[in-house]
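Student: Here are the chains, one letter per residue:
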Amino acid sequence: MGRYLIKRLLMIFPMLIGISLITFVVIHLAPGEPVEMQVSMSPKISAATREKLREYYGLNKPLHVQYGIWVSHLARLDFGRSFGSDHRPVTEKIAERIPVTLSLNVIALILEFCLAIPIGILAATHRDTLVDRSISVFVFLGFAVPTFWLALLCMYLFGVKLNWLPISGLHSMGSDKLPFFGWLWDLAKHLILPVGIATFGSLAGLSRYMRSSMLEVLSQDYITTARAKGVKERLVIYKHALKNAMLPVITLLGFSLPGLIGGSVIFETIFAIPGMGQLFYQGVMARDYPLVMGILIIGAFLTLLGNLLADLSYAFADPRIRHGRE
Amino acid sequence: MRSSTPFMQFWMRFKENRFSVAGLAVIAVLFLISFAAPLLTQYRPETINAWHVLLPPSSAHWFGTDELGRDVLTRIIYGARVSLKVGFVAVGISVAIGVVVGLLSGFYGGWTDSILMRLVDIMLCFPTFFLILAVIAMLEPSINYIMMIIGLTSWTGVARLVRAEVLSLKSRDFVLAARVLGASDARIIFRHILPNALSPVLVSATLGVAGAILTESALSFLGIGVQPPTPSWGNILTSGKDYIEFAWWLSLYPGLAILVTVLSYNLVGEGIRDALDPRRR
Chain A
5 MGRYLIKRLL MIFPMLIGIS LITFVVIHLA PGEPVEMQVS MSPKISAATR
55 EKLREYYGLN KPLHVQYGIW VSHLARLDFG RSFGSDHRPV TEKIAERIPV
105 TLSLNVIALI LEFCLAIPIG ILAATHRDTL VDRSISVFVF LGFAVPTFWL
155 ALLCMYLFGV KLNWLPISGL HSMGSDKLPF FGWLWDLAKH LILPVGIATF
205 GSLAGLSRYM RSSMLEVLSQ DYITTARAKG VKERLVIYKH ALKNAMLPVI
255 TLLGFSLPGL IGGSVIFETI FAIPGMGQLF YQGVMARDYP LVMGILIIGA
305 FLTLLGNLLA DLSYAFADPR IRHGRE
Chain B
57 MRSSTPFMQF WMRFKENRFS VAGLAVIAVL FLISFAAPLL TQYRPETINA
107 WHVLLPPSSA HWFGTDELGR DVLTRIIYGA RVSLKVGFVA VGISVAIGVV
157 VGLLSGFYGG WTDSILMRLV DIMLCFPTFF LILAVIAMLE PSINYIMMII
207 GLTSWTGVAR LVRAEVLSLK SRDFVLAARV LGASDARIIF RHILPNALSP
257 VLVSATLGVA GAILTESALS FLGIGVQPPT PSWGNILTSG KDYIEFAWWL
307 SLYPGLAILV TVLSYNLVGE GIRDALDPRR R
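Taken in sequence, the protein lines are chains A and B. For the first sequence, our numbering begins at 5 and goes up steadily by one. For the second sequence, our numbering begins at 57 and goes up steadily by one.
One chain only, chain B, in its complex shape (with noise of 0.2 Å):
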């Protein structure tokens, strides 16, 4: 067989799940979607147009018009690029710092490990929701701000994780192996710890996009995320409670572009964990 490699190998495993690749499926048009959004639709996510206000779905507007007159599919479209932005650097920012503590923890012990536990449990003790509120509404609400809170706030789990790893880690063979031949501590927590601690890494990652973006959608729900008129799924939602008992389109299908959306990240975090799981090999 090709499958040799690691990584073939984990694909074949991969795709077993059917359920797991259409999620990913799902994810890869979202960014074509977003990186193709001008070609798609032949209406700008930000004209208004006072006489088209309120419409419901037809041809010339597939999901309707909003309360400006501007086409929701457009502005649908356009708010997949601020949910795949916001989604993989906040991400990305919590899965940084939450390796780097879990690292120093796990490999370091003793105090270190008992300073950085205590702040993980003390950041497990405040509402996630409330902190992220707090410190958005003194800024000014922008995407750079939320993508960035988010990641200050989600790195707990992925911290524990890695920790955890590192603890089982340290004591194995190899590990012991390269400290008697002299390998730095950099060396043996970059080269030889870290590459084997990863895998839980990337399937939290990836639920994390998923919660990310769910986080970014009811911020900008409530007023305090993405700022009109740039389009985001949670804000098109705003306007959706707003006019609630005269355009139904306007809560159903930005609510639908984020459940498909996130589901799908879910779906594939499922398969990616189930793919890396030995007990299932």
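Bound conformation, chain A alone (with noise of 0.2 Å):
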């Protein structure tokens, strides 16, 4: 087990730099810099205060010299300085906007795994009857659905016809006022719709996932065994059947993560929540490379990590990792 963690973590740091020279490669190549962005929008702009420009933001000099400059930074964990208006530390514009997303992203986790994993199991269990096709069709339309579709409707029926929920943001006007249960009350309300549509985005894959694990388990012999000894079908599956079936699902939770992350996107702009994915949308569109290369390599970083607790609780899990079988 030592031995083997040892590895994993090791492991990390030629990640961390193949991330790095992803995220510039893929930055650099894409033609078109950020001064050409902000020459064009005041065109009055000289030459020579263009190439002015250019120096001070290190863009003149080779690539691979740039690349050198910003991973020596990144070491120290500083990313540099936004190329937005602000000129702000992009650490610090991240730092605002980590906690949203990560929140959200936590909750939305935790009720699809509440969720995914009974009905997984209801599904194995009820396996060709009524109710595991009625899963498997919401499954199959859970795969199929636009999420940001799914958003627009919801919005359409609950904000706007039914005026039972907020659309946008997180807070109403005036929250700051409320005494803390109202406040609470009111964050909540509007957390249901992106919460509630960000959890049901992944809840098929996963369900789906945990019931060809369950039946994959209970169609071993130890568990013919425990039948045949007369053991109550309840234990078989929720003591005998589960905690196996449960494995493979753990290591769905590492790979689930840049999926959540990488579908902020869509729902913090729909729903103009303040977080990582609004930063990064916005940060694309103004060319705000120091930006953009900082939540890349954060988000790949944040990945990275959820997949090596994924990796490390499986180990954990099973005994065979854990008592080190190399």
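Treat the hints with caution; some may be incorrect.
Label pairs and their calculated CB-CB ranges [stated by the list, open to error]:
{"hint": "1", "chain 1": "B", "residue 1": "L312", "chain 2": "A", "residue 2": "A276", "range": "19 to 27 Å"}
{"hint": "2", "chain 1": "A", "residue 1": "K11", "chain 2": "B", "residue 2": "A92", "range": "54 to 62 Å"}
{"hint": "3", "chain 1": "A", "residue 1": "P66", "chain 2": "B", "residue 2": "F302", "range": "34 to 42 Å"}
{"hint": "4", "chain 1": "A", "residue 1": "P66", "chain 2": "B", "residue 2": "F144", "range": "38 to 46 Å"}
{"hint": "5", "chain 1": "A", "residue 1": "P66", "chain 2": "B", "residue 2": "V236", "range": "49 to 57 Å"}
{"hint": "6", "chain 1": "B", "residue 1": "Q65", "chain 2": "A", "residue 2": "I10", "range": "48 to 56 Å"}
{"hint": "7", "chain 1": "A", "residue 1": "Q286", "chain 2": "B", "residue 2": "P284", "range": "17 to 25 Å"}
{"hint": "8", "chain 1": "B", "residue 1": "Q65", "chain 2": "A", "residue 2": "L166", "range": "20 to 28 Å"}
{"hint": "9", "chain 1": "A", "residue 1": "S216", "chain 2": "B", "residue 2": "P251", "range": "46 to 54 Å"}
{"hint": "10", "chain 1": "A", "residue 1": "L166", "chain 2": "B", "residue 2": "L312", "range": "19 to 27 Å"}
{"hint": "11", "chain 1": "A", "residue 1": "R12", "chain 2": "B", "residue 2": "F302", "range": "53 to 61 Å"}
{"hint": "12", "chain 1": "A", "residue 1": "S176", "chain 2": "B", "residue 2": "P197", "range": "28 to 36 Å"}
Stretch by stretch, here's where chain B covers chain A in the computed footprint (C-beta under 8 Å, at least three residues) [as the list claims (entries may be wrong)]:
{"hint": "13", "region": "139-148"}
{"hint": "14", "region": "210-220"}
{"hint": "15", "region": "248-257"}
{"hint": "16", "region": "291-302"}
{"hint": "17", "region": "306-314"}
Pairs of lysine-lysine residues, derived as DSS-like cross-links and limited to a Cα-Cα distance of at most 25 Å, are as follows [claimed, not checked]:
{"hint": "18", "chain 1": "A", "residue 1": "K193", "chain 2": "A", "residue 2": "K165"}
{"hint": "19", "chain 1": "A", "residue 1": "K233", "chain 2": "A", "residue 2": "K243"}
{"hint": "20", "chain 1": "B", "residue 1": "K297", "chain 2": "A", "residue 2": "K165"}
{"hint": "21", "chain 1": "A", "residue 1": "K193", "chain 2": "B", "residue 2": "K297"}
{"hint": "22", "chain 1": "A", "residue 1": "K233", "chain 2": "A", "residue 2": "K247"}
{"hint": "23", "chain 1": "A", "residue 1": "K236", "chain 2": "A", "residue 2": "K247"}
Quick caveat, the hints were computed from the structure, so don't treat them as lab data. Being a predicted model, the structure only gives us computed values, none of them experimental. Each residue gets a CB set at the ideal place from its N, CA and C atoms; glycine is no exception.
With the hints as a guide, bring the two chains together.
Tutor: Written as structure tokens, this is what we have:
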């Protein structure tokens, strides 16, 4: 176990280098520079000023030098300053937004697992019955429905038609003057739609996965043995089968992170939530290189961390790995 | 029985699943619609009509009109062209890259394998949608770039699949026999291994088309995909969002088109998987 842990932890470094390299290449291969963007907005800027701007941003140096400078700053957790009009450090801008996106995604993730696992078990234990079939229909619809469209429909239904829920932002005007519980209730109402839709978006895949994992386990000999011994079906499912069926599902937890973070662009733009996705979208539109690269790196790093945690918890849960059979 | 050719055997099994056959039929209809678009509607997708702005569905405009008085049904019909093109080209690119990477990685092993698979691991760390968004917005948004970038960011799954297949195939007797007979690497890879590794790729490609269509619609919805006035299901939904309080039809129908299309590809993919899976024969 210790050896495995060290091996996995050491892998982070080459991965981080790879992540930084891809981020840098992706952003710099694209034609068009932030300077061009600023110049096109105020065409009076002369060629000399333009050169000065490029020098200021370090864009006149060869690419590998730019990469070197950038990485050496990264190593000190310095992501540079935003090209935007406020020129604030990128780390500061991201730090304000991360809690929003992360907590939204964590709530969605928890809900998703709480729903998907029972649904998957239900489908597996009622295989080929009406229950299983209806769940299948739901799963296929869940795979196919564009989440941003679902968000639009829910906005229309619950926000415009029924006027039950707010459809943008996280707080109502003047909610900061409310007492704590009133404030909390206001926040919760704003969260219902985005969190609900984010949960629904990934529910289908996970419950399908849980179903097949459960079926796989239920077909094994030790389950047949348990049943033959006369163990009650409930016990067979929840005591004997569930633990093993959950194992592969744990790894999915890590893998679902990039999807969730990526999806936040759409949710946060639709529902006007001030999170990382919205910041990224704005950064991309303004060609704010340091900001875009910073968010890409942090997104990838969070995923790397998520995968690592998933792998480790898998290893911890599986005695074959825990007791180091190498 | 005449069902002796592999394709006939495949078809016999495929058509057992009614949903998959229905999905295939829908896809066929979509192809027809996008080729015959001008014959199906009396309107042009780009013609602006200031007198018919935001009309609800009626017998003249089945799906209503948009904020510029354009017929929504017509725009959805022409939008089918975009989604078909994006789906197939993007998946073509991703399958080509994925197959090459998977073959090299699985066949040669060692350093080649380590480097390529670490690359896959690193690619999988990026929230794909962020990566696509970053590149597209730095370039001029256009349908060609979208297809390329979706292709370039979605090959990792295929690469892993092909690699796994190659690993299990390369020590089989028929491959060893070919090697003993003096076949070159290229001949072994393309003649003996690749054809046997393709069936999971076919399934993943079909599902990939669905994914590419969803991604394109999301990008167009955000305004960095297919640019107006060219209609795409995603960019019609952008107007749907802007006019959600007045015109539900602008949001409902294009979304349904995406839903039905993506559902059909997924059902066909599922059908192909079941038909090819040796355990279910």
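Student: Does each hint fit the structure? Answer for all of them.
Tutor: These are the hints, each one checked on the structure:
1. L312(B) to A276(A): 19 to 27 Å: Given a distance of about 25 Å, which is inside 19 to 27 Å, the answer is holds.
2. K11(A) to A92(B): 54 to 62 Å: Holds - the Cβ-Cβ distance for K11(A) and A92(B), about 59 Å, lies within 54 to 62 Å.
3. P66(A) to F302(B): 34 to 42 Å: 54 Å, violated
4. P66(A) to F144(B): 38 to 46 Å: 39 Å, holds
5. P66(A) to V236(B): 49 to 57 Å: 52 Å, holds
6. Q65(B) to I10(A): 48 to 56 Å: 51 Å, holds
7. Q286(A) to P284(B): 17 to 25 Å: Check passed, 21 Å falls within 17 to 25 Å.
8. Q65(B) to L166(A): 20 to 28 Å: 53 Å, violated
9. S216(A) to P251(B): 46 to 54 Å: About 28 Å separates the Cβ atoms of S216(A) and P251(B), which means 46 to 54 Å is violated.
10. L166(A) to L312(B): 19 to 27 Å: 21 Å, holds
11. R12(A) to F302(B): 53 to 61 Å: 55 Å, holds
12. S176(A) to P197(B): 28 to 36 Å: 35 Å, holds
13. 139-148: Held - the region 139-148 of chain A has 4 residues with a Cβ nearer than 8 Å to chain B, which meets the minimum of three.
14. 210-220: violated (count 0)
15. 248-257: Since three or more residues must qualify, the claim that chain B covers the region 248-257 of chain A is violated, with 0 doing so at under 8 Å.
16. 291-302: holds (count 4)
17. 306-314: Three-residue rule met by the region 306-314 of chain A, so holds; n is 3.
18. K193(A) to K165(A): 16 Å, holds
19. K233(A) to K243(A): It holds: about 14 Å lies between the C-alpha atoms, which stays within 25 Å.
20. K297(B) to K165(A): Within the cut-off at roughly 14 Å; holds.
21. K193(A) to K297(B): 21 Å, holds
22. K233(A) to K247(A): Within the cut-off at roughly 20 Å; holds.
23. K236(A) to K247(A): Satisfied, since the Cα-Cα distance of roughly 17 Å is no more than 25 Å.
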